[in-house]
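With the sequences and hints as input, model every part of the structure.
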Amino acid sequence: MDEKQIVQLVAALREKGITFEKGLNNEQVKHIESVGTFQFPPDLREFLQYAVPISYTLQRWDGETTVYDHFPNWHHEPEAILQHHKNQIFDSFCFDVEHNQFWMKEWEIRPEKLKDAFEIVKLALEKAPPLIPLCGHRYLPAYPVMAGNPVLSMVQAIDTIYYGYNLENYFQNEFLRSGELVYGSPSDYRQIPFWSEIVC
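The numbering of the sequence shown is the working numbering, which starts it at 1 and goes up by one.
By construction, these hints were calculated from the structure, which means they are not laboratory data. One thing to keep in mind: the hints can contain errors.
Straight-line C-alpha distance at most 25 Å; calculated SDA-like pairs for lysine to any residue [to be verified]: (1) LYS30 - HIS85; (2) LYS122 - PHE38; (3) LYS113 - ASN87.
The structure is reproduced here in structure tokens:
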């Protein structure tokens, strides 16, 4: 996305009830990247430096409104934000290993003891490209550090799906489309080490 597209996207999201705070400055970006040991892909960095989404308001069938704060507000406690999501992802993998027979081929033979299996999961996630939280359980892979990475939706490891073939497509699918979502074709999705292997 170029600057004009970002401005238009933020304006459209505001019309749909998304509340924004001011964009991140360079020092804030560097701090978050240092804490998370990743670099923001340029499309997400430019978006967040223009405006940071913090909540969205939905109108219910009865006319009442509900405000959801599922966005990470990067202006406040990025360390806590990143640790929370890191723990959430690890816990989802461990749950599926224990209860849903989830095990990746490259991990080879699964240990009998859960503690040992969880250690393999931990090491695998440490080697995998970091996931940057976008909203709730939607994530953008930090690698490669290029615009156009696909957005993942992951509640549990076994039900990981794509929710957009790039950042703009994700926001359109999540907030701007009233009908059928547009996912594109398989060739639209950049392959991401590790994460593309678990997509349903």
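Now the hints, each set against the structure:
{"no.": "1", "hint": "LYS30 - HIS85", "result": "holds (19 Å)"}
{"no.": "2", "hint": "LYS122 - PHE38", "result": "holds (18 Å)"}
{"no.": "3", "hint": "LYS113 - ASN87", "result": "holds (21 Å)"}
Every hint from the earlier list agrees with this structure, and none is contradicted.
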